[in-house]
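In our numbering, the protein residues as written are 30 to 227.
Be a bit skeptical, because a hint or two may be false.
What the hints assert, rightly or not - Straight-line C-alpha distance at most 27 Å; calculated BS3-like pairs for lysine-lysine:
no.: 1; residue 1: 90; residue 2: 159
no.: 2; residue 1: 159; residue 2: 149
no.: 3; residue 1: 159; residue 2: 171
no.: 4; residue 1: 121; residue 2: 171
no.: 5; residue 1: 149; residue 2: 171
What the hints assert, rightly or not - Computed Cβ-Cβ distance ranges for the label pairs, DEER-style:
no.: 6; residue 1: 183; residue 2: 85; range: 18 to 28 Å
no.: 7; residue 1: 183; residue 2: 58; range: 35 to 45 Å
no.: 8; residue 1: 63; residue 2: 167; range: 40 to 50 Å
no.: 9; residue 1: 82; residue 2: 157; range: 18 to 28 Å
The hints are simulated quantities; they were obtained by calculation from the structure and are not laboratory data. Every value quoted in this text rests on a predicted model; they were computed, and no experiment measured them. We put the CB at the ideal spot given by N, CA and C, even for glycine.
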Amino acid sequence: VDGAALPRNFLESAVHRAEVPLTFQDREGNWRRSEWETCMRTACALIRKYRNDQAKREEWKVTLDTENRDRSYLFGRLLAVLEQAEAATYGKEDRRETNALRRLTRYTQQPMRTYAELRKKIQPYLTKLKRDKPGLDCQYRKLLDELGGLLNGLRLDPASLNAPLEDVYLLGYSSQRSAFFTKKEQNETNTDGGNTDE
């Protein structure tokens with residue numbers, strides 16, 4: 030308003046709200062994913078605005094930045110891969126929350142430790158994907174390995190690697206998810222009679 034900087038407490042409030050997805054429930058206890066996604070996208074917009082204002086340039090983008098080596102951003106991308114790998118095994122009517130989202134708050138506080146737990150929990154889903162959708166299984170495994178390698182490449186000690194995440198993890202999470210959905214839409218268009226050339 031009036032060209033004033035975005036107050037930090039507005040940003041923190043939006044990020045905190047986005048970090049508790051399972052609080053978005055109706056009276057019957059059903060998760061309202063679309064409302065949480067709206068909250069998450071709003072938080073991402075505020076993060077970008079705040080961070081870019083601080084840097085005085087367009088440093089943080091909406092689209093997936095595969096060159097970004099920020100630890101929190103990489104962990105956000107990793108979270109999106111874990112979530113999508115599990116969700117890809119669900120049926121159309123299955124509305125349950127993934128293990129990744131159920132543990133989101135803990136993930137933001139202890140990312141490396143929680144990632145190790147989630148990686149074990151994702152194995153049965155990857156096995157199912159390997160059997161039913163081998164192309165997706167290969168894509169998710171490759172991304173998990175690639176992102177794990179990038180995090181190792183930061184050469185941080187275990188305590189620093191497991192330190193609480195900064196708010197930009199939401200940008201990594203959101204942009205990685207968007208990249209999955211964009212690719213899926215392109216594949217569906219090609220399958221429906223569009224140009225199938227790679």
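Structure-based check of each hint:
Only pairs whose Cα atoms come within 27 Å are accepted, and residue 90 paired with residue 159 is rejected, the gap being roughly 33 Å. Restraint check: the Cα-Cα separation between residue 159 and residue 149 comes to about 16 Å, which is no more than 27 Å; the hinted pair holds. Taken as a hint, the residue 159 and residue 171 pair is honoured in the structure, with Cα atoms around 13 Å apart against an allowance of 27 Å. Between residue 121 and residue 171 the CA atoms are separated by roughly 25 Å; this keeps the pair inside 27 Å, and the hint holds.
Taken as a hint, the residue 149 and residue 171 pair is honoured in the structure, with Cα atoms around 16 Å apart against an allowance of 27 Å. The supplied range of 18 to 28 Å is met by residue 183 and residue 85, whose beta-carbon atoms lie about 26 Å from each other. Take residue 183 and residue 58: their Cβ atoms lie about 40 Å apart, and the range 35 to 45 Å holds. Residue 63 and residue 167 have their C-beta atoms about 30 Å apart, which leaves the hinted 40 to 50 Å range violated.
Taking the beta carbon of each, residue 82 and residue 157 are about 44 Å apart, not inside 18 to 28 Å as hinted.
Hint check: violations occur at hints 1, 8, 9; the rest are consistent with the structure.
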